[in-house]
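Whenever a hint applies, use it, and build me the whole structure from the sequences.
Quick note: the sequence shown, position 105, residue 113 per this note's numbering, numbers continuous.
FYI, nobody ran anything at the bench for these hints, they're computed from the structure.
A hint or two may mislead.
[As the list claims (entries may be wrong)] Here are the in silico distance ranges between beta carbons for each label pair:
#1 129 to 192: 47 to 57 Å
#2 12 to 165: 37 to 47 Å
#3 186 to 16: 13 to 23 Å
#4 148 to 92: 19 to 29 Å
Ideal Cβ positions, reconstructed from N, Cα and C, are used throughout, including at glycine.
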Amino acid sequence: MSKNSPVQWNRRMRQVAEDALAACDFIRGPRCTVEADEALFGKRKSNRGRVLHPQWVLGGVCRETGECFLEPVDDRKTNTLVPLIRRHVLPGSTIITDEWRSYYRLKDYGYTHLRVNHSANFVDKKTKANTQMIESLWNQAKHGHKVRYGTRRSSLASDLREFMWRRKLRRCEDCFAAVLEKVAALSSPQ
Numbered sequence: 009m010s011k012n013s014p015v016q017w018n019r020r021m022r023q024v025a026e027d028a029l030a031a032c033d034f035i036r037g038p039r040c041t042v043e044a045d046e047a048l049f050g051k052r053k054s055n056r057g058r059v060l061h062p063q064w065v066l067g068g069v070c071r072e073t074g075e076c077f078l079e080p081v082d083d084r085k086t087n088t089l090v091p092l093i094r095r096h097v098l099p100g101s102t103i104i105t106d107e108w109r110s111y112y113r114l115k116d117y118g119y120t121h122l123r124v125n126h127s128a129n130f131v132d133k134k135t136k137a138n139t140q141m142i143e144s145l146w147n148q149a150k151h152g153h154k155v156r157y158g159t160r161r162s163s164l165a166s167d168l169r170e171f172m173w174r175r176k177l178r179r180c181e182d183c184f185a186a187v188l189e190k191v192a193a194l195s196s197p198q
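Quick look at the structure:
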């Protein structure tokens, strides 16, 4: 076996994951509840470590199924965030966000939009809305990314897709068979 074989297999498996994720773009719905938020990857804590170029990532997680999406974004403007949410979440769903102004137009696209004011409380007293699942997702994604790959920005998009794929596979009864099925589907002549 060549010393490059593990690297080639890793790249191939990432391609399998990317293709499988592209085939099911939407979080299942409609009428599901999705928590959405943006987070900064690669930020230094307490001015320790080397200076990095941080990257914003938009994410969402479905409360009912645990399905998620994570997308690197250039900025946190409405014209950036709303189209990505529309690409991943079917209209008719409920979306819970923080008070970031860029999310205010979600109701114009057929979503029920609930907001949580984090400076006042973690759970909205009237609607009981909260963003605890997406905060947990950020913790898992950031920790896994840093442990496995460090904080290289160049590979962040690919690392996030791998994280989503691993998360999707955790619900499978036989993960190995699920991976082989995807490999076979990609390898077979069309």
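Cross-check of the supplied hints:
1. 129 to 192: 47 to 57 Å: Because 50 Å falls inside the window, the suggested range holds.
2. 12 to 165: 37 to 47 Å: 23 Å, violated
3. 186 to 16: 13 to 23 Å: 21 Å, holds
4. 148 to 92: 19 to 29 Å: 20 Å, holds
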